[in-house]
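Novice: So the protein sequences, as listed, match chains F and C.
For the first sequence, this note's numbering assigns the number 12 to the initial residue and increments by one for each residue that follows.
For the second sequence, this note's numbering assigns the number 246 to the initial residue and increments by one for each residue that follows.
These aren't lab readings, by the way, just hints derived from the structure by calculation.
Among these hints, one or two may not hold up.
Below, a list of computed lysine-lysine pairs in the BS3-like style, where the Cα atoms sit at most 30 Å apart [claimed, not checked]:
#1 K298/F <-> K247/C
#2 K337/F <-> K482/C
#3 K474/C <-> K298/F
#4 K196/F <-> K247/C
#5 K247/C <-> K436/C
#6 K247/C <-> K305/F
No experiment lies behind these values; they were computed from the predicted model shown.
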Amino acid sequence: MTDFASDSILVLVTVTNDGQLATSAAGLLAAATSVGTPIALVVATPEQAVGAAAEAARLGATTVIVVEDARVSSVLSVPIVDALCLAWDLMNPDAVLIANSIEGRDVAGRVAARRRSSLAADAVGVSRDDEGVLVHHSVYGGSYDILSATSTGSIVVTVRMGAITAHAEPQPLVIERLRHAPSNKSAATIESFTPAPAQSSRPELRGAATVVSGGRGLGSLANFALVEQLADSLGAAIGASRAAVDAGYVQQSCQVGQTGVSVSPQLYIALGISGAIQHRAGMQTAKTIVAINKDADAPIFDIADFGVVGDVFTVVPQLIEALEAKKKQ
Amino acid sequence: MKIIVLMKEVPDTYGERKLDPETGIADRAASDAVLDEINERALEFALAHADRNPDTEVVVLTMAPDSATASLRKGLAMGAHSAVHIADPAIVGADYGVTAEVLSAAITRLGFDLVIAGNQSTDGASGILPAMIAETLDLPQLTNLTEISLDDSIVRGTRATDEGVMTVSAALPAVISVTEALAEARFPSFKGILAAKKKPYEMISLSDLNITIDDLSVPRSILIAVAEKPPRQAGVKVDDQGDAGQLIAEFLISNLLA
Ligand SMILES: Cc1cc2nc3c(=O)[nH]c(=O)nc-3n(C[C@H](O)[C@H](O)[C@H](O)COP(=O)(O)OP(=O)(O)OC[C@H]3O[C@@H](n4cnc5c(N)ncnc54)[C@H](O)[C@@H]3O)c2cc1C
Ligand SMILES: Cc1cc2nc3c(=O)[nH]c(=O)nc-3n(C[C@H](O)[C@H](O)[C@H](O)COP(=O)(O)OP(=O)(O)OC[C@H]3O[C@@H](n4cnc5c(N)ncnc54)[C@H](O)[C@@H]3O)c2cc1C
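Isolated chain F (complex conformation) (with noise of 0.2 Å):
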């Protein structure tokens, strides 16, 4: 049995359906790796564990700890708790690491609760100083900068995706299997499964370093057109305010803001937007805003950077257009 680093840190990394490694697990590994000795865990069927293992190691785990346990797809969080609490047992970690997802958030509340650590939520980055590791937070709508810590113990972190974009070196892959140890506590039952469309050659929202944006004033689904047009001419992500989304233009994973997605692109581009408070908090902390309505008290020309008081539908045409000949020269 490997002996593990005595700071070591413990990555949840997510196998897909389709036995993929989410993209979240790259920014998990490479975090852990500026903080200590990275381990991944991998909870998988048996089909897809080695697979899954392999590039886990090539996103920087030292060793890869692999849980096979075919009840993944049919339990809902219970399995990786349990796995993750088998592994944690191993090396007393200084800090689980687990990707700020809807699945990921699930698991960590069940681990800190199981184990009763500290849990810090939503973390941008993580450090560590002479008494240990760590917890960069920003909160508010990046309003503040928070630094957290637990008291004692072990720390469970979620990360927000796309907030870490540095990788780690690639490492030999080095696997530990575990038997995998159920604990029997009550789960739900996971009927069906239908994985989301696959990803168009557009890069994800999180993460994404240009985001275009559309809001109500883009009027109707097929006008929305307009904003993937835009977004294509950039390569960018898509975006969208929480009434865009209401209104059915687009699909709910497209929400920036408060309750959506908070993003910190390097370029954000907000058409017919009017730029209310929840939507600002999941994007002004972008490091250029440009904005495009027609109501010049419009609150986005606030925090933007280059605003164009205008219709969008004359001046976003033009824009794809000097975009596309400046690509041709």
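Chain F is fixed; fit chain C with the ligands onto it per the hints.
Specialist: Relative to the frame of chain F, chain C with the ligands by itself:
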């Protein structure tokens, strides 16, 4: 059926929200406090179920300072049957562990078939508590539901995750959390507001729950530093004179953004 709806009072997201620069704890005096919108939607689901099934009892439960009474009473005015309010000076600035322990103890004391929470609060925003409570009480958790069907013995729902959409189910008792895909809440009627004054409103403290939280050997989340960031400044704003698309393109290109 007995349904407990977990209600959190939060700073109104329409206003500016502040943290105390010393403690990092939410500065409750700096902004108006409101019931979190997602909890009103959760309550709406419970009340709609009660409208169809008159033997349903709906209890609203919060852990919050004394001042949250008005918010919780709004839940009664909307139609909840009773309210339980845990207030204790010892839980100011409570972390997830304390919050989950205290709410779990209160839930057990009340008895229940179903616990409904919001998927995520608008202030702490961790989305952690429903799973922590489920683990503490050894219950199944069905989080982030966009649709729910509920009968006397089973809860089933559609769960939107980052990877896709799943159908999940569990026998009651269970903990669920709901998303803003659920219907908006009803407004309290005038009759409801009057009726709320006569409904049971119980204030309890940690000693009523037999909980002490001063054991230093239990890990707690601690705040090391808090820094307010300067507000963002407005840049240039131009009226479209027919060339704004061109101007934006030049701005992007000169800043190496396109
Ligand atoms: C608890 C809570 C959570 C919330 N969470 C979120 C969230 O996560 N994300 C979010 O976005 N919102 C959220 N909201 C909603 C938020 O308050 C606003 O209602 C929403 O952001 C408005 O979206 P919008 O800007 O698209 O629509 P509107 O406010 O209706 O603005 C549309 C804008 O389009 C402009 N316009 C119209 N036609 C044109 C045209 N042809 N050319 C140019 N401009 C045009 C108008 O001038 C207007 O400014 C939340 C609210 C609450 C209470
Ligand atoms: C900006 C900020 C950052 C914080 N960061 C941390 C941290 O890193 N670590 C830490 O341990 N604590 C932290 N806290 C404290 C934490 O927010 C509280 O413990 C809080 O009561 C629960 O967390 P949440 O709001 O994230 O809940 P969520 O899990 O997001 O809430 C989901 C649902 O649980 C229910 N619920 C939550 N709280 C209550 C309540 N008090 N009463 C009734 N129902 C409730 C509601 O139905 C709510 O919709 C933070 C608080 C704030 C304001």
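Novice: Hints first: check each against the structure and report whether it holds.
Specialist: Taking the hints in turn, this is what the structure says about them:
no.: 1; hint: K298/F <-> K247/C; in the structure: violated, 49 Å
no.: 2; hint: K337/F <-> K482/C; in the structure: holds, 23 Å
no.: 3; hint: K474/C <-> K298/F; in the structure: holds, 14 Å
no.: 4; hint: K196/F <-> K247/C; in the structure: holds, 23 Å
no.: 5; hint: K247/C <-> K436/C; in the structure: holds, 23 Å
no.: 6; hint: K247/C <-> K305/F; in the structure: violated, 50 Å
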